[in-house]
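Given only the sequences and the hints, what does the whole structure look like? Please build it.
For the record, the sequence lines run as chains A and B.
Counted from 1, the first sequence has number 206 at position 206 by the numbering used here; the numbering is strictly sequential.
Here the numbering used here = 1-based position in the second sequence + 271.
What the hints contain is simulated information worked out from the structure, not anything from laboratory work.
Any given hint might turn out to be false.
In silico DSS-like cross-links for lysine-lysine, where the CA-CA straight-line distance does not exceed 30 angstroms [said to hold, decoys possible]:
{"no.": "1", "chain 1": "A", "residue 1": "Lys-14", "chain 2": "B", "residue 2": "Lys-356"}
{"no.": "2", "chain 1": "B", "residue 1": "Lys-356", "chain 2": "A", "residue 2": "Lys-183"}
{"no.": "3", "chain 1": "A", "residue 1": "Lys-117", "chain 2": "A", "residue 2": "Lys-100"}
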Amino acid sequence: MIYLQRSNNRQKSKLKKTIIWGVITLVLILIVRFAFPGALSNSVDSAAVPLWNADNKLGGLIHKSIMFFRSRNAIIEENRTLKETLHKQEADITYLDTLKKEYDSLMAMYGRSELQKRIIASVLVTPPETPYDILILDAGSRNEVAPGNVVMAEGNVALGKMSEVHEASGKAILFSSPGEKTKVFIERSTTSLSLIGRGGGSFEADVPQDTDIVVGDTLILSGLSFPMIGKVVEIDADVQSSFKKVLVRSAVNFSNIRFVEILGDTKLEGI
Amino acid sequence: MFTHYILARIIGDIALFFGLFFLPWWLVAVAGVVFLFIYNDYIEIIILGALIDVLFSPYAYTMSVSSLLYTSTGALLYIISPFLKRRLRFYNQSS
Numbered sequence: 001m002i003y004l005q006r007s008n009n010r011q012k013s014k015l016k017k018t019i020i021w022g023v024i025t026l027v028l029i030l031i032v033r034f035a036f037p038g039a040l041s042n043s044v045d046s047a048a049v050p051l052w053n054a055d056n057k058l059g060g061l062i063h064k065s066i067m068f069f070r071s072r073n074a075i076i077e078e079n080r081t082l083k084e085t086l087h088k089q090e091a092d093i094t095y096l097d098t099l100k101k102e103y104d105s106l107m108a109m110y111g112r113s114e115l116q117k118r119i120i121a122s123v124l125v126t127p128p129e130t131p132y133d134i135l136i137l138d139a140g141s142r143n144e145v146a147p148g149n150v151v152m153a154e155g156n157v158a159l160g161k162m163s164e165v166h167e168a169s170g171k172a173i174l175f176s177s178p179g180e181k182t183k184v185f186i187e188r189s190t191t192s193l194s195l196i197g198r199g200g201g202s203f204e205a206d207v208p209q210d211t212d213i214v215v216g217d218t219l220i221l222s223g224l225s226f227p228m229i230g231k232v233v234e235i236d237a238d239v240q241s242s243f244k245k246v247l248v249r250s251a252v253n254f255s256n257i258r259f260v261e262i263l264g265d266t267k268l269e270g271i
Numbered sequence: 272m273f274t275h276y277i278l279a280r281i282i283g284d285i286a287l288f289f290g291l292f293f294l295p296w297w298l299v300a301v302a303g304v305v306f307l308f309i310y311n312d313y314i315e316i317i318i319l320g321a322l323i324d325v326l327f328s329p330y331a332y333t334m335s336v337s338s339l340l341y342t343s344t345g346a347l348l349y350i351i352s353p354f355l356k357r358r359l360r361f362y363n364q365s366s
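Printed below as a string of structure tokens:
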């Protein structure tokens, strides 16, 4: 009986000790983060960037090694497919170049210029390597990147905006980050709607039943170059509701991005 | 025995730290939770949560609730771990 009581008391004091130590550690972390927010973030960042760079290089090396051992037939087949795609894309590029020249001359006629400072950045970390829907980039304040700058990929696809900028690196929060709101337009009808990020390159929006929107519609950000956000993949229209749910998918697969462009002259605020 | 225990714990901590840079975050988080049950008073779980927040939170500069998500989760896990350990059948009560 006495033994059980002692054991109980020992367990209670152990629990008490655990709670006290847990609270003390949490408070200490909060104090450090509150007192030195920039310093802590910067020092972690300066230690992390070389490690992420090393990780990227190591990943590239492993990929090359795997490629070395792939079968000859598979490589020949892939080469043939790539050549076909290249020919098709060359034709598209020629057509787009003509349109771009036409667009530039029209803009010049109206006294507007679309020339923007574009900063190229290498992607160090992408989802799902990060718990938050962000990209970590190797461009920072030394490259004249500022918070709010729009991040683009594959030419004209807007991915997100810079949320935090350090000296040599920065974090870009993706428009598809959970809860992130972005005002966009339907390219075909110029109707505006508010997209809410759902994570992993997905968005959703509630629009009135009579809104002219169909599967396959392209959604764009406002601005002179109208960067694309994504395409409508599904519309869930419940006849009893006055709204329909629009599901949108980003045009880019985040896990395959290696380089992005940061529009140096833009500053996007939350809506 | 005691030295081995401490040494294994230190090596585990270092592996977790570097794992944050080279492995998917969830793998490191799962390893952290496993260590929480293997070691006594595994306070490193709170530091691991804080590191995840500082490294990956989009607004680590601010003191918003979302930028402290993993720090608070780590603290909560640490605090409830003794209760959980007492209720788990496979857990060795004598450790």
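Hint check:
no., hint, result
1, Lys-14/A with Lys-356/B, "12 angstroms, holds"
2, Lys-356/B with Lys-183/A, "48 angstroms, violated"
3, Lys-117/A with Lys-100/A, "17 angstroms, holds"
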